[in-house]
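A.B. asks: Fit chain B to the given chain A structure using the hints.
Protein sequence lines, in the order shown, are assigned to chains A and B. Here the first sequence stands for residues 0 to 632, where the numbers follow numbering that gives the first Met the number 0. Here the second sequence stands for residues 0 to 232, where the numbers follow numbering that gives the first Met the number 0.
Just so you know, the hints here were simulated from the structure itself, not pulled from any lab data. A quick note: this is a predicted structure, and the numbers were derived from the prediction, not measured. Where a beta carbon is used, it is the ideal one built from N, C-alpha and C, also for glycine. Careful: at least some of the hints might be erroneous.
Unchecked claim - Covered stretches of chain B (chain A as the covering partner; in silico rule of three or more C-beta atoms under 8 Å from a C-beta of chain A):
1. 46-57
2. 144-153
What the hints assert, rightly or not - Chain B regions said to be covered by chain A (calculated; three or more residues, Cβ under 8 Å):
3. 159-169
4. 173-184
5. 191-200
What the hints assert, rightly or not - Computed list of lysine to any residue pairs in SDA-like fashion (alpha-carbon distance at most 25 Å, straight line):
6. B:Lys81 with A:Glu480
7. B:Lys86 with A:Asn109
8. A:Lys110 with B:Ser146
9. A:Lys486 with B:Ile59
10. A:Lys45 with B:Lys55
11. B:Lys164 with A:Tyr98
12. B:Lys164 with A:Arg100
13. B:Lys164 with A:Ser416
14. A:Lys93 with A:Ile55
15. A:Lys45 with B:Glu62
16. A:Lys125 with B:Phe142
17. B:Lys102 with A:Ile525
18. B:Lys157 with A:Gly414
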Amino acid sequence: MANKTDAKMENPTVVLETVGKNNPLLAPYHRTMEEMESMPVIERTKTVCPECKLIIDGTIYKDEDNVMIRKNCPEHGWTVEKYWEDYEMYVKMKNYNYYGRGFDNPNYANKGENCPFDCGICERHKSHTGLANIVITNRCHLSCWYCFFYAKEGEAIYEPTVDEINKTLHVLRTQKPIPANALQITGGEPTMRKELVEIVKNAKEAGFDQIQLNTTGINLGMHPEEAVKLRHAGLSSLYMSFDGVTKRANPKNHWETPMALDAARKAGIGIVLVPTVIRTINDHELGSIVNFALNNSDVIRAVNFQPVSLVGRMPSKLREKQRISIPGAIKLIEEQTGGVITKDDWFSVPYVGGINKFIEALSGEYKYDLSIHFACGAGSYIFMDKDNKVIPITRFVDAPGMIEHLQNAVNEMEGKSRLERRLMAVKTVAGLRKFIDKDKQPKSMDFTKLLVSVITRHDFKSLGNFQLKSLFIGMMHFQDEYTYDIKRVEKCDIHYAMPDGRVLPFCTFNVFPEVYRDKIQRQYSIPSKEWENMHPKWAYSTDKYVRDVKALEASEAYKRTYADSIDYFKLKVNTDEAEKFRAERGRSHGPDMYSQIQAVAAEGELSDEEHRHHHGSDSCACGGNGDCKHCSE
Amino acid sequence: MDRRNLGPQESSYKRDLANSDEKESKEYDGIVVENGKEYRIPYRMIREVTFTDLNKDELIDFEHSARLQYRLLLNDAVLRAKVEFAKLSIVIMFNPDDSDNYKEKISLDGIKDFLASEGVHVEKNKTSLREVDYYEEIYKTQFDPISVRERPPYSYTKEQWKGMKSGWYRKVAETDKKKLDNYHRWQDEYAELHKEDADLKKRDGNSGNSVLGGILHRKKPKDDDKGFWFHGA
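With the rest of the complex left out, here is chain A (with noise of 0.2 Å):
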C-alpha cells in the first residue's frame, strides 16, 4: 500500500498536506519532489523499503535544519524521514565517526554481501561487542500496549535454561579480539526468572565486568531482599523503564519507582533510568527526567533518553508526530532545563573511542573500542556542586581540543618501539592541561588529575569515583524501517546472543523479528501447553502484576520521592550561569520548539486510526480514561 507522500510523489505540484507544510516540525515530511531534489545531499547510502525489505538507495539530505532520509521503493514508491533533527549537531557529531573493529572470529562464516539478511554475526560487520543482551525469558508481569516482546496468554514460552545460557556467556567471552564485557539481562520481565541469580553469578564469575538488568523495578521494589541477593551475585545496575514523572507519561512504573529506587539504594546498586521518548507523548517531560535523576542522585547514575524506534507498519500521519530523533530529544532537553544543558554539552559515543585508541597504543592491550555509527549515540557527563550548580563537563573541559590531541599521539606512535610511545605519552599528557578549565570545574574534583591517572595507569577505579559524582546522560536511537541506514547497522554494538549461537546486532534482531529474533525464539521455545505440564501451579494470569494505587501512593517513599524534590534547574546559581553561557556563545533561548510540538498535537482530533493504536492507554487522547469512543469499548 502506497503512503500518502507516494501520492503526493506521483504529482509534485500536489501538496497534500497543507496543515503539516504550515507546521515547521512536519514541512520536511510534506515537499514535492522538485523541492526535495533541490536540497543539498549530505551522502548516499543503502536502506531496505519499509513495506517489502528491498535495499534499495537512501538518499540523506539538508532540510533546511533537519537531516532527512528519501528512499525509492520501485514497487512500493518513495518513503520520507527525519534521520536527525539538527544539521549543525549532524556535522559535528560525524567528526568522530571511524571505523572500528569488528568479530576476529565471527559466529557465522559469510562476506555479508546480503546485509542485513546475512547476520549472525559475519565478517562484514565492524564493531565488537559492546553491549551484550541475553532474554532470559518472555514472560512478563506486565501488558504493555506498546510492547512486542513478552508472550500473551496461549503463546509460547522462551526460557533458555541455565545451562544454555551458560553456553551462551560462553561464545560472548571468547569473541576476538575483544570478549564482551559488559552483559544486559533482559526479557520479558528478567525478574520473572527464579534463577536469576545464578545467571547472575555465572555471567560474573565469566568476566563480565558490567552486569545490568533491563527491568521495571516492580518487583525488586516490592521485593528489597531480592536485590540484595542480585547485588552480591555481582549486578552491577538497574536498566530502569522510566517515561516520566507524571502518571500519565508513565504509567508503566510511576508508582513502584520510589520502591525501586530505596531497593536498589539498601543494595547498593546504580540505577540507570530509561525514557522511551515520544513526541506528543512524553517529550514534555525530559528535563524533569534529568531532574529527578538529580535529585536521587545517591542512587541514579545516569538516564538513558531512548527516541522511539518506530517497528511495525503505521499510518504516516502519525509515524511523522510521534517521530522524535536524538537532537530533537537534545534540543527539548535545553530548551526545558532553562539552557542549564545545551546541546553544544553532547557528544556522539564514538567520541569516547579517540580516547580508548591512546590507551590502546599507549598500551599494547586492546581496549573496547565504541566505534557504533555517529547518529546512533550521545552522551555528556554533568556534575552537581556544592552549590547545587549543575556543570556540564563540556563547560571545563575543551573536548574537541582534547580528542584531536590525543588523535595526533595515535597517529604519531604508529609503528613505534615501547619506550618511543611512553616519551610521546609523557607529552602528550603533560599537554592535556590545557584543555581543562580548572576555574570552572566542580570545586569538588581535580578533573586533570583524574585524566593523568586513568590515562598513564589505567586506574579505572578513579574514573568509577569520578562517574559517582556526575550523572550520565545519553541518547540512544533504534532504527526502524522507515530510518533504516545498513552503515549504521554494520557498526552497531549492541548485541544479542542467541542459544543457537548467533550473535545479532540489535537493529537487524528488532527490525526484523520475523527472521531474526521471533524466529529463533520460535525455535527455541516451550508450546504453551507443554510449559503448563511443566509447571502445574503455573497460569498466565498468575503472572501478572495487580497495582494498588491507593496503598502505593499513601507510601511514604512515594510522598519522599515525588513531593520533597528540587527544581534544580530552577535554583538562581543555574538559571544565571545558563544566562551567562547564552551570552557567551551569543545565543537566544532558541525556538520555543515545545509550543510548536503542542501545535502539532493540538491538531485536530486523532482519527480512528490513531485511536486504535493508543487505544486503552493513557496516552489515548482521552488519558485512557474511557471517555471516548475506542476507549469505552
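C.D. replies: Coordinates of chain B only, in the frame set by chain A:
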C-alpha cells in the same frame, strides 16, 4: 583457514546411528549432551539444497537477490538461505518434511514451488542435495567459531604484535584470576554487611572451577574496576 573451504563433514550423529544397535528405534529427542550438560536443539538431521547456474535475469540484481533471501528466511522451515547473485546460486538449509522433529517442515518441491512463485526457476540437473547434521555443522560451529583474521591493537604493526601477543595473553590470564579472587573477596565483605537484609547463600569454595571454568576469563587488565562508558550504553 576459511571454514568454507572445507569439504562436507562426516556427521558423527549419522556415524553413531549407523553403529548403534538401536538404529531403527532411536528417535531424535531434541537434547544433546556436552560435558554432562543437556542442551536443547530444535533440529538434528536437516538437508541442504544447492541450486546453481540460475538465470541471471530471474535473480535480477544483488538487491533483489537479497530480498529473495529475506523471503526465503520468512519460512520457519528454512534455517539458512544464501542467494548469491555473483555466483548465480542459491543454498538453502531446511527442515525436510521427513525429519523427526516437531518444527515446521518443507519439502524440496515446496522450496522449488516457492522459488517459482518468486520468478526463479531451477533445473533438476543443477540441483544438489546433501544431509546436514545441524548439531555438528551449525550449532557447534556457531558456538566455537574459528578465527578468520587477526588484527593488532591500534597503531601497532602485525610484526610488533607477534612479539607482544604471548605476553598479552599471559597478562590477561593473570588478571582474570585476580579479578575472580577480588570478586569473591568482595562477596564475602558484602554478605557480612548485608546479613540482615537477605539470606545470602554462603559461597562454596569451588567457585573458581565454576560452570564456565577458567577458560572464559579473557579480559583486559584492571578489569575488576569499573569501566566508565557503560552507564548508558
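A.B. asks: Taking the numbered hints from earlier one at a time, note which ones the structure violates and give those numbers from smallest to largest.
C.D. replies: 1
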